[in-house]
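*Asks:* Residue numbers (the UniProt record's numbering), protein chains in the order written: chain B, 1 to 267; chain L, 1 to 326.
Just so you know, the hints here were simulated from the structure itself, not pulled from any lab data.
Built from N, CA and C at the ideal position, the CB exists for glycine as well.
Misleading hints may appear alongside valid ones.
Incomplete in silico selection of chain L near chain B, CB under 8 angstroms [to be verified]: (1) Glu-43; (2) Arg-44; (3) Lys-82; (4) Ala-136; (5) Leu-139; (6) Gly-286; (7) Tyr-321.
Computed spacing ranges between beta-carbons, pair by pair [unchecked claim]: (8) Ile-57/B / Asp-320/L: 38 to 46 angstroms; (9) Thr-222/L / Asp-84/B: 48 to 56 angstroms; (10) Arg-58/B / Arg-11/L: 48 to 56 angstroms; (11) Glu-71/B / Ile-276/L: 32 to 40 angstroms; (12) Glu-232/L / Arg-58/B: 17 to 25 angstroms; (13) Arg-2/L / Thr-55/B: 39 to 47 angstroms; (14) Glu-72/B / Ser-128/L: 17 to 25 angstroms; (15) Leu-226/L / Thr-66/B: 31 to 39 angstroms; (16) Arg-129/B / Leu-277/L: 20 to 28 angstroms.
Dumping the calculated DSS-like pairs for lysine-lysine here, alpha-carbon to alpha-carbon at most 27 angstroms [as the list claims (entries may be wrong)]: (17) Lys-325/L / Lys-101/B; (18) Lys-101/B / Lys-106/L; (19) Lys-7/L / Lys-106/L.
What follows is each chain in one-letter form.
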Amino acid sequence: MAISTQRKDWADYEEDDGGDFLLPPTEVIGPDKKGIKKVISYKYNDEGKKVKVTTTIRVTKTVTRTGRGVEERRSWPKFGAAADGNDGCISVSQEDIHLEKPTAPGEKPKEKDIQQAAGTGGGTLMVCRTCGMKGDHWTRECRYKNLAPNPADATSETSKDSDNNKGTKKYVAPRPDRKRREDEEHSIRVSNLSDDTRDDDLRDLFAAFGPVARARVLFDHHTGKSRGFGFVNFVHKEDGERAIQKLNGYGYDSLILCVEWAAPRSK
Amino acid sequence: MRPILMKGHERPLTFLKYNREGDLLFSCAKDHTPTVWFADNGERLGTYKGHNGAVWCCDVSRDSRRLITGSADQTAKLWDVKSGTELFTFKFDSPARAVDFAVGDKLAVITTDPFMELTSAIHVKSISSDPDEQTAESLLTIKGPRGRIQTAAWGPLNKTIISAGEDAIVRVWDSETGKLLIESSKETGHQNTVSSLFMSEDGSHFLTGSLDKSAKLWDSRTLTILKTYVTERPVNAVAMSPLLEHVVIGGGQSASEVTTTDRRAGKFEAKFFHKILQEEIGGVKGHFGPINALAFNPDGRSFTSGGEDGYVRLHHFDQDYFNIKM
Numbered sequence: 001m002a003i004s005t006q007r008k009d010w011a012d013y014e015e016d017d018g019g020d021f022l023l024p025p026t027e028v029i030g031p032d033k034k035g036i037k038k039v040i041s042y043k044y045n046d047e048g049k050k051v052k053v054t055t056t057i058r059v060t061k062t063v064t065r066t067g068r069g070v071e072e073r074r075s076w077p078k079f080g081a082a083a084d085g086n087d088g089c090i091s092v093s094q095e096d097i098h099l100e101k102p103t104a105p106g107e108k109p110k111e112k113d114i115q116q117a118a119g120t121g122g123g124t125l126m127v128c129r130t131c132g133m134k135g136d137h138w139t140r141e142c143r144y145k146n147l148a149p150n151p152a153d154a155t156s157e158t159s160k161d162s163d164n165n166k167g168t169k170k171y172v173a174p175r176p177d178r179k180r181r182e183d184e185e186h187s188i189r190v191s192n193l194s195d196d197t198r199d200d201d202l203r204d205l206f207a208a209f210g211p212v213a214r215a216r217v218l219f220d221h222h223t224g225k226s227r228g229f230g231f232v233n234f235v236h237k238e239d240g241e242r243a244i245q246k247l248n249g250y251g252y253d254s255l256i257l258c259v260e261w262a263a264p265r266s267k
Numbered sequence: 001m002r003p004i005l006m007k008g009h010e011r012p013l014t015f016l017k018y019n020r021e022g023d024l025l026f027s028c029a030k031d032h033t034p035t036v037w038f039a040d041n042g043e044r045l046g047t048y049k050g051h052n053g054a055v056w057c058c059d060v061s062r063d064s065r066r067l068i069t070g071s072a073d074q075t076a077k078l079w080d081v082k083s084g085t086e087l088f089t090f091k092f093d094s095p096a097r098a099v100d101f102a103v104g105d106k107l108a109v110i111t112t113d114p115f116m117e118l119t120s121a122i123h124v125k126s127i128s129s130d131p132d133e134q135t136a137e138s139l140l141t142i143k144g145p146r147g148r149i150q151t152a153a154w155g156p157l158n159k160t161i162i163s164a165g166e167d168a169i170v171r172v173w174d175s176e177t178g179k180l181l182i183e184s185s186k187e188t189g190h191q192n193t194v195s196s197l198f199m200s201e202d203g204s205h206f207l208t209g210s211l212d213k214s215a216k217l218w219d220s221r222t223l224t225i226l227k228t229y230v231t232e233r234p235v236n237a238v239a240m241s242p243l244l245e246h247v248v249i250g251g252g253q254s255a256s257e258v259t260t261t262d263r264r265a266g267k268f269e270a271k272f273f274h275k276i277l278q279e280e281i282g283g284v285k286g287h288f289g290p291i292n293a294l295a296f297n298p299d300g301r302s303f304t305s306g307g308e309d310g311y312v313r314l315h316h317f318d319q320d321y322f323n324i325k326m
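Extracted from the complex, chain L is given alone in its bound form (with noise of 0.2 angstroms):
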């Protein structure tokens, strides 16, 4: 496959997100303005600009009409996805970090970072279908987990949350209450800071994917550890296929380390593993950072990965990946 290099951030990727019906792709970067692209040839199609500090993630309603972001600028951010405008802005006293849109699109979940004395803590804000109406007030804040949480995301018929962060722990929640349900241990769970969670379609379970060299596919009801996939660098960032029955994940060494070590030792590619069979199939080399962010289209046939170099490399699948055989 020959990937379409998109280079419209001028700093690393940090997310990225497919509309449902797989037409549209979202990217954040730490450049301040998310951006939106034809996802078959990789046209840009606007980017949405106001934020004034990096952009740390996003998600776009069910019907692609609205997009929220969560910025280290410490503001949320709702926009209209055709025309670019800004709708509302959700005001925090710390860095925004993970957005995410409930099934149904009017609840939204937003994390923000501990920052001088406040804690770090989960938000959940009501999102009316007319932004006029939108309020800032907050339906449930959770506090507890210490460090910063990375990543969260709605559980299934929006019952719970799930969180998991700086503290390798992942939480589930009950959404209307704020109780803590389940909570992994110690001893089977991560082991280092979670950087990523994907969650499957049907949201019976997730992929996290950890710095602790590993990524795991949990069960969302019971936080049962269903598989484990093994790699030899830290991982940012995971995605499944909705197609077949892979998973992908991505890394590479500390961006730190980047400049000390050789290109190929830097392991910066996405890894495909068999998600039953948690065996490799096989890596996408192409950049020359760590990979932050993946994002699998809706329809499998091709997945989108954004690295610390700034680029987002968009692969369309040969036949030869449908052909694979385990």
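Same shape as in the complex, but just chain B (with noise of 0.2 angstroms):
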């Protein structure tokens, strides 16, 4: 709390002060038997009104004792190896260390929970696989029921497929990935993501502009590590022209992202 005692000279008010030498001077009151002591000010607030600011502060004195000879020993000269000013090495640790609880006995925190529970905060079984929301309604709920691409339409189409084909009396498989692929005509790329953006940041930072139905990370097989990029899908068209609108150059992780809509996959 930092509150300015000190009076300037009147003259050194510039005109555009709005006149704040007009105001009372600041009072100050104790400290008083308990240690408190009051500070009123005044000032103008952002509307031009006069307010009184009244500052409780309590004053504690320490008493810390040092034994006999402490004072003495902290002007002794510096000798041997110190005497020319070498301190040695001496640093403060980077690393702020903390007491760590012990685990129960044959217990060994596995790294994996420990990413696992700090990446996600709490995993939960509640997921919607419509809108991909976590934890706040089952997919047979789901308010965009209707919306999403219907499980059915798809093997009729996948039927009127194998009717083409019917010349020549092959077994055509279903193609799973049909569906997929539909999901990912409006499917939004992101890129320059940090390295620790994981899916869930992704769908947290999109979700604010819609139901998001998918929301994914590209990491490298071998590494381990994140590519920098990632893909969105949003149940609703509009809301990823939103998303495009408003995130494309916003900075994230302090780097700035690229969002577009992806180019649809070269066969």
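Need the complex rebuilt from these two chains, each delivered in its own frame; the hints are there to steer you.
*Replies:* Rendered as structure tokens:
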């Protein structure tokens, strides 16, 4: 709490100070027996009204006793290898070290578990398969159920496909990736992500614009590190458009995001 | 807490000691030069040059004027704390290991290692306040225990000397006659070398750490085991908090195994135990070698650890530490 009790000379006031010198002087009451000190000051608020500001401060005195000779020893000249001002090598640890609580005997914290706990903020089982919302509702209760691509439609389409190929009379496997490709038609590519962005971070970022069906950060298979980009699918295309407008060029984790419609996957 | 790292020693630390007021910290290492630091900010005050071998142990007098060090160069030396000048040298025929000033600083106990045909011994020396009158004569020499005597300390009222070492037996000697008064039994006592001993401030009990991966709290008069603290690694150093009912135990695997194991597996942490409940409170990590020395500031608000890695780490406790409820 820094309160300037120093009064400026009136000549130092600039005109645009708003006539601060017209305010009553700052009053200091106390400290009383309990060590409570009151500082009453006046100022103009943003609306130009005079405001009285009362600040209550508790003043405490701590007495540290030092043994006899401690003060004297403080002033002792240095000797030996320290005499030439060479202080050895003293540094303060950059790491903040805590008294770590022990784990139960025979139990070792798995690093994976810790990572997961940190990443997802407590895993939840309730995941909606339609809009991808976690912990809110089950798939069957999803508000966007009728907007989601109908699995029945997908099967009928595949049957049409197989109709076209009827002449060959060959068995054509149903194409399970059909639905996924439809999703990808309006997927958004987010690039220039920082290394520690995870799927959920991406989801959190985009969830503000509407229900997110999918949010995925791509990882390198070998190194396990983020490749710096990911894809997001919205349930509604309009949400996607708004998200692109807002988030393209948005600073996230000290990097500027590049958000655009994903180019259709080349075959 | 953010510990202060003091890298003044070039070789592994062997011993740490605070003076009575807790403003000075003395450190001994295998690099021949004991060092004194200001215990609040870790500033180096000076070094004591003169030993020609690893320094195993030191003790400082109650008035913080005299320092005694025991070294592998077969000497124990008396120093002027303020100037770092060497006042007197006790010469032995084998390396000196443990040193301890008696209450009143008129006597000191020095132990020597077995060497060639010599067995280990405990020497009691009289310390005169005027260094010019100092003599090398031993008032008493106790021989008997086999193997190295790692540590020796004065019992309550200077009536006894407590020693422990490689034979894993803790012994209480009469400090005037040199007679063996009590010794710990092999069954209930430590099973391996006793590496360190820490006497409580009032002398009523003491803590020993052993390579059998445990530390034990003993009654200094009856030598009954009061408490046992069990860890996973050999114990090299022990200390007791003068403020709270805490003991701190440091260790790690032996230095020869360090390079072959992972840092995390090494358990190079100072472990805090509740003195009475014998429950582990927590561990303070940081060293990348076994902890060889531990010391509590006499005010109980900071502690220091010295490791095989050559670092002295000075930890000032956070407020959290004082709020721990058991």
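*Asks:* Confirm or reject each hint.
*Replies:* Results of checking the hints against the structure:
1. Glu-43: 6 angstroms, holds
2. Arg-44: Hint on Arg-44/L: holds, closest Cβ of chain B at ~4 angstroms, below 8 angstroms.
3. Lys-82: 6 angstroms, holds
4. Ala-136: 25 angstroms, violated
5. Leu-139: This interface hint is violated because 29 angstroms lies over the 8 angstroms limit.
6. Gly-286: 6 angstroms, holds
7. Tyr-321: 6 angstroms, holds
8. Ile-57/B / Asp-320/L: 38 to 46 angstroms: Since the Cβ atoms of Ile-57/B and Asp-320/L sit about 26 angstroms apart, the hinted range of 38 to 46 angstroms is violated.
9. Thr-222/L / Asp-84/B: 48 to 56 angstroms: Between Thr-222/L and Asp-84/B, where Cβ atoms are some 52 angstroms apart, the hint holds.
10. Arg-58/B / Arg-11/L: 48 to 56 angstroms: 50 angstroms, holds
11. Glu-71/B / Ile-276/L: 32 to 40 angstroms: 37 angstroms, holds
12. Glu-232/L / Arg-58/B: 17 to 25 angstroms: Violated, at about 47 angstroms.
13. Arg-2/L / Thr-55/B: 39 to 47 angstroms: Violated, at about 32 angstroms.
14. Glu-72/B / Ser-128/L: 17 to 25 angstroms: This hint holds: roughly 24 angstroms between Cβ atoms.
15. Leu-226/L / Thr-66/B: 31 to 39 angstroms: For Leu-226/L and Thr-66/B the Cβ distance comes to about 33 angstroms; the hint holds.
16. Arg-129/B / Leu-277/L: 20 to 28 angstroms: 51 angstroms, violated
17. Lys-325/L / Lys-101/B: 12 angstroms, holds
18. Lys-101/B / Lys-106/L: 44 angstroms, violated
19. Lys-7/L / Lys-106/L: 34 angstroms, violated
Hints 4, 5, 8, 12, 13, 16, 18 and 19 from the list above are not met by this structure, while the remaining hints are.
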